[in-house]
Amino acid sequence: MPQFRMTGRGLWITALIVPPLCFVALFIVYPIISAFAYAFFDWQGLKRLDFVGLENFHTVLFVEPYRSWTLNAFKNNIIVFFALMVLQNGLGFILAYALWRELPGARFHRIAVFLPVVLSTIIVAYLFKLFYHPLFGVVNISLKSIGLGEWAQPWLGQSGTALWSIIAAQAWHMVGFPTLVFLAGMQRIPSEILDAVRMETESEWVKITKIVWPLVAPSATIVFTLLFVGAFNWFELPYIMGGLDGSPFGSTDVLGLYFYRTAFGNVSAGQQDFGLGSALAVLIFIFIAAIAAVITTRLRAREIQL
Amino acid sequence: MAQLSLRGIKKRFRDTEVLHGIDLEIGDREFVVFVGPSGCGKSTLLRLIAGLDPISEGEFVLNGHRMNDVAPSRRGIAMVFQSYALYPHMDVYENMAFGARLMGLDKPEVERRIAEAAQMLRLEALLKRKPRELSGGQRQRVAIGRALVRKPDVFLLDEPLSNLDAALRSEVRLEIAKLHREIGGTMIYVTHDQVEAMTLADKIVVMNNGRIEQVGSPRELYETPANTFVATFIGSPRMALVDVTREGERLVLANGGSILVGDLPGPKNMKLGLRPDTVHLVRGASVEGFAGRVEYTEYLGDNAYVYVRLADGKLLSARTAPNDLYAPDEAVTVTVAPGAAHYFSAEDGRRLTP
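Taken in order, these protein sequences are the chains called A and B. Per numbering that gives the first Met the number 0, residue 0 is the first one in the first sequence, and the count goes up by one each step. Per numbering that gives the first Met the number 0, residue 0 is the first one in the second sequence, and the count goes up by one each step.
So that you can see chain A by itself, here it is in the shape it has in the complex:
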């Protein structure tokens, strides 16, 4: 019979693990489970009415106007994900490579690139709202001053440019994060491996694609997964820069905003519907969890031990 005795070390570990576990259970696991439960009921304000089965899911997916709203927000999330994949992760990789190769000024830029990440999202959002201001914004004034005045436009005020303008702000804000993760990955590559490559080619392209990129695979897994989760949970920037309705005309609407609006109501449409909101939240959660699991396992497979 094995004996389970509490040793001093075991006591320490228990003492350190139990509080965060309680925290996670209370503020993460419980809300998720309750959202699952809420999604199967009809609600009037905060008052729970009848059990309605899958009715709420059916409504948000197949009944107009919810159907169009859901699809529109989902489409925008997909655009955000792929755009940020290029602008944030792609640029981050290139920046990391430049910093890693110790190009002139690397020490300064290492800090400069990461600095925006520590700024509050609110500050970044307001800053870029000012930048994009049709009359006084630095973007339009710069364009005019270099003779490209006809390109000046109300960036956040028209459907064609609003989402992309917010994406650009997001990329500027967070590009330092993938840069840092990639840089850390590159710094783990032994210098003799790089010397070995230099003995065989002087092409930066070959070095990047055949050696550096495969060897920073663990960093790529982290960065891709986090970007995916972040892109489909995107809320703060579009909320502050585009508003709760995803204006203009829903062009900046994303699932996060749409869920919030549905569950808690907004200024123009005072109604709130916890049932539909919870159904949306559950769908978003399942989608993110499933895809993130696939991404992680797929990318894990190509990681190698250095």
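The hints are simulated quantities; they were obtained by calculation from the structure and are not laboratory data. Heads up, a few of these hints could be off.
[Unchecked claim] Quick list of simulated restraints, FRET-style, between CB atoms:
| no. | chain 1 | residue 1 | chain 2 | residue 2 | range |
| --- | --- | --- | --- | --- | --- |
| 1 | A | 203 | B | 231 | 39 to 49 Å |
| 2 | A | 157 | B | 67 | 50 to 60 Å |
| 3 | A | 212 | B | 37 | 30 to 40 Å |
| 4 | A | 101 | B | 9 | 18 to 28 Å |
[Claimed, not checked] Straight line, CA to CA, 30 Å or less: simulated DSS-like cross-link-like pairs of lysine-lysine:
| no. | chain 1 | residue 1 | chain 2 | residue 2 |
| --- | --- | --- | --- | --- |
| 5 | B | 106 | B | 202 |
| 6 | B | 267 | B | 202 |
| 7 | B | 202 | B | 9 |
| 8 | B | 313 | B | 267 |
| 9 | B | 129 | B | 202 |
| 10 | B | 150 | B | 177 |
| 11 | B | 127 | B | 202 |
| 12 | B | 127 | B | 106 |
| 13 | B | 127 | A | 206 |
| 14 | B | 150 | A | 209 |
| 15 | B | 202 | B | 150 |
| 16 | B | 150 | B | 129 |
| 17 | B | 129 | B | 106 |
| 18 | B | 202 | B | 177 |
| 19 | A | 206 | B | 129 |
| 20 | B | 9 | B | 129 |
| 21 | A | 143 | A | 128 |
| 22 | B | 127 | A | 209 |
| 23 | A | 209 | B | 106 |
| 24 | A | 74 | A | 128 |
| 25 | A | 209 | B | 129 |
| 26 | B | 177 | A | 206 |
| 27 | B | 202 | A | 206 |
| 28 | B | 127 | B | 150 |
Computed from a prediction, not measured in an experiment: that's the story for all the values here. Beta carbons: idealized from backbone N, C-alpha and C, even for Gly.
Starting from the structure of chain A, add chain B where the hints point.
Here is chain B on its own, set in the frame of chain A:
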């Protein structure tokens, strides 16, 4: 064909000069070993030849072409690294094919060369393995194979045996020597191990503090070391250096006896270099020879080394028959055959020709 000339090579890292003007000629098919203590600049010199670091001053000429500004991949030089530096995400075949493909060789030629190298290095069964699934000795062979398939003019090997255990080390050492005989390329080999240097080299370059101390065959270095540094660096146990004064036909150790050397030219004060196999021990005190006391004995089976503390405090080792045992603190007299000793200047340590 490979003819290397290093002319006045200097290397500076910011303000610190680590190589102070290296002049060296390396001929075709030579096996050259750079040897010296850590920090002597031997690996730095190898990296300059490879092109991995820029040359600060001087000229490196390979087959009549100045190489200073030529990219490492275009010099016709391949390098085997201390840590092997295999690409961890590629299998053995890919590791060897990578460089060959980048040279623009067509597929059948790449395959032919890999098959040839794999056969020579006994890697056929391992071609589909990843580096992490290989033992140290196998990785070593893949690293050499990767260099082989490029068929370079010059092979550089940077301490290739230092990550192997002792038994494997002597085995791989023999393989490298055999390989050099078979492929006949010019090889430059860096090590701090003088046994590797002695056994492998056609030509040894002894380096110290960023300078070349002596260049020569293993026999030349052992038999006629140019100075006290080379004399003590080559040979194990190391040569003892004894400060002596010439008085008439005798060399006198302060308070410690003397030896008869006959009519010897040269300065009054000199350093006498004594290798363990050139001295003889006589028990007890004697008129002829240096007085000393036994410190300890190393028994090696086929022979033994006795370490003797001389009267002036210097430690000297003598090779004796394994059965010839001396007790610690036993008084002995060290005798020397005059022709077997080395003579060095007391001032700058240069060899004196008697």
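Distance restraint evaluation - residue 203(A), residue 231(B), Cβ atoms, bounds 39 to 49 Å: Since the Cβ atoms of residue 203(A) and residue 231(B) sit about 47 Å apart, the hinted range of 39 to 49 Å holds.
Pair hint outcome, residue 206(A) versus residue 129(B) [Cα-Cα no greater than 30 Å]: Distance of about 19 Å is within 30 Å: holds.
30 Å limit on alpha-carbon distance, applied to hinted pair residue 202(B) and residue 177(B): holds, 16 Å
C-beta pair residue 157(A), residue 67(B): status relative to the range 50 to 60 Å that was hinted: holds, 58 Å
Pair hint outcome, residue 74(A) versus residue 128(A) [Cα-Cα no greater than 30 Å]: With Cα atoms ~23 Å apart, residue 74(A) and residue 128(A) stay inside 30 Å; holds.
Pairwise hint evaluation, residue 206(A) against residue 202(B), where the allowed Cα distance is 30 Å at most: violated, 36 Å
Hint consistency between residue 150(B) and residue 129(B) [alpha-carbon to alpha-carbon, up to 30 Å]: holds, 23 Å
30 Å Cα cutoff - pair residue 9(B), residue 129(B): Violated, at about 40 Å.
Pairwise hint evaluation, residue 150(B) against residue 127(B), where the allowed Cα distance is 30 Å at most: The given pair, whose Cα atoms are some 22 Å apart, holds under the 30 Å limit.
Restraint check for residue 267(B) with residue 202(B), where alpha carbons must lie at most 30 Å apart: violated, 34 Å
Holds or violated: residue 202(B) to residue 150(B), with C-alpha atoms at most 30 Å apart: Satisfied, since the Cα-Cα distance of roughly 22 Å is no more than 30 Å.
30 Å limit on alpha-carbon distance, applied to hinted pair residue 129(B) and residue 202(B): Since the Cα atoms of residue 129(B) and residue 202(B) sit roughly 36 Å apart, the hinted pair is violated (cutoff 30 Å).
Hint compliance for this structure: hints 5, 6, 9, 11, 20, 26 and 27 are broken, all remaining hints hold.
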